[in-house]
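Could you build the full structure based on these sequences and the hints that come with them?
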Amino acid sequence: MRILRQIHARLLTHPWPISTFSFALSKIVGFCALSAHGDIDYATRVFSQIPSPNIFSWNSIIRGCSQTQNPSKEPILFFKKLVKRGYPKSNSFTLAFVLKACSIVLALEEGRQVHSHVMRSGFDSSPFVQTALVNFYGKCEDIRSAKKMFDEIPDRNLVAWTTMISGYAKIGMVNEALGLFREMQKAGVVPDEVTMVSVISACAASGALDVGRWLHAYIDKHLINTDLELSTALVNMYAKCGCIERAKEVFEAMPVKDTKAWSSMIVGLAIHGHVEDVSEALSKMEKAKVKPNDVTFIGVLSACAHSGRVSDGRKYWSSMLESGVEPSMEHYGCMVDLLCRANLVEEAYSFVETMPITPNPIIWRILLVGCKKNRNLDKGEIVANRLLELEPLNAENYILLSNLYASGSQWVKMSHVRKQIKDKGIKAVPGCSSIEVDGYVHEFVMGDWSHSEAKEIREVLRDISERVSGAGHEPWISAVLHDMGDEEKESALGEHSERLAIAFGLLKTKAPVVIRIVKNLRVCEDCHEVTKIISKLFQRDIIVRDRIRFHKFVNGSCSCKDFW
DNA sequence: CTGGCCAATA
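Take the first sequence: its position 481, counting from 1, is numbered 481 in the UniProt record's numbering, and each next residue is one higher.
There's no promise every hint is true.
Distance condition first, Cα-Cα at most 27 Å in a straight line; then the derived DSSO-like pairs of lysine-lysine [stated by the list, open to error]: (1) LYS170 / LYS148; (2) LYS536 / LYS552; (3) LYS287 / LYS257; (4) LYS289 / LYS257; (5) LYS148 / LYS186; (6) LYS379 / LYS455; (7) LYS427 / LYS413; (8) LYS287 / LYS221; (9) LYS536 / LYS508; (10) LYS287 / LYS373; (11) LYS100 / LYS89; (12) LYS221 / LYS186; (13) LYS100 / LYS80; (14) LYS424 / LYS379; (15) LYS248 / LYS561; (16) LYS100 / LYS73; (17) LYS257 / LYS186; (18) LYS170 / LYS248; (19) LYS289 / LYS315; (20) LYS248 / LYS315; (21) LYS424 / LYS413.
It is worth saying that the hints were derived from the structure and are not from the lab.
This is the structure in structure tokens:
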């Protein structure tokens, strides 16, 4: 940057031919934008000094200001200015850069306008622009448009395939991501480490351990360069698929570990409830002179919260502040959770009151869960009011409030809340559990019997329910929302999505294969109890990853020690 | 004169 500034000064103090002057300034803009120590404000100032910037200068400034750590719509504004002026004419570089900018700030509307610009200007046949469009729609989670763009590409290269795969991976469409990966190979396109990162992330998201293992073997067999990103993706995949030991092995073998690698490992240990290992990893990380960041502390604090380690949590909170990490909403969430789980609801409430940032619905919801657990009706009502003000259409909030009243035997108030749900016509997010069998991820939604083997699953479920009640279990029916008779409530519990997935697992696999389930919500208490019993009666290890953490059910007990 | 795809988050 220093040398660049010197050259800049020279340019300004000497009389150069105008074309040389413009060219040189454009180069400076390009360098500023590109270099790691780039200064985009400086680049912008230099850009404004160029008498008649050519397309290269415009491209440089558009690309440059989309690469800052605080993304903004600035590059899009530059593009708009360029289009308005009508000169110089934009080229394929311009369009690819501005699409990239739109994908970073998720500017769907602006991106669509750029898309129509692409069509008008005839750059729709540029492979770079095509890929940029696929990426843009993928990042904005408009997967149909992304796929449409992708399908329209006549000859898809590695980057185009990888872009589409990562689009699917991002929104958790694993089967589609993996299907495309196979299709890509059939088309004779050889995947590289970037492709592998995307498919492996898809496995992590869906808990597809077998496919993940297969991909890892593929990487080794085809000598794909296992760089920092790919190793991190593998650590994350093994951790999210329930193989924390394997995750550790991959992590230990990494020659270089950055903040993201350490954070992945720490978050992985945290969701497995290995709180001692989390502490150890954090001190090793500091010893290795890798700076923990906001994500690292989310892992550390959530580990403390989930294991009830209040004093450790407080200790890490102060060390986080000392290390200069600005606490974000997530960190406050962890602390509120930490205090609530330790039954310090009043303290959690004052903690929220004194937060320097305005609490979001998630914070209030954690508090409400805490109030429910502690049967603190007075605080609970206050908290629920705040929450419902902010999020009047989220069924989960009403369910929590209803459960709060149920916990305090306030039946009139409870039925009033349930009536509100009905009157407002709001629907709860349905529970959804998935299980990987033979390289395919099967999804089960609560009470949904559309699976092709529904009949067989129903039989397994009946068998389960008979044997479980034979073992003396009585369904804990107050977890059921709807106004229905006890018998109905019992069968509703029996149709919770994880039960369907477990039944399918029992049907399709044999011991000693572990049944691995991924669930989008938290497991209810009855399902938790029943799964423990199943693990004993059927002598099958069952691993459930819920929205928060892992539960390993072995021979009648769970790794979370019933604290979750 | 420049270029498209990738890792961790309550």
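Violating hint indices (sorted, rising): 6, 8, 10, 17
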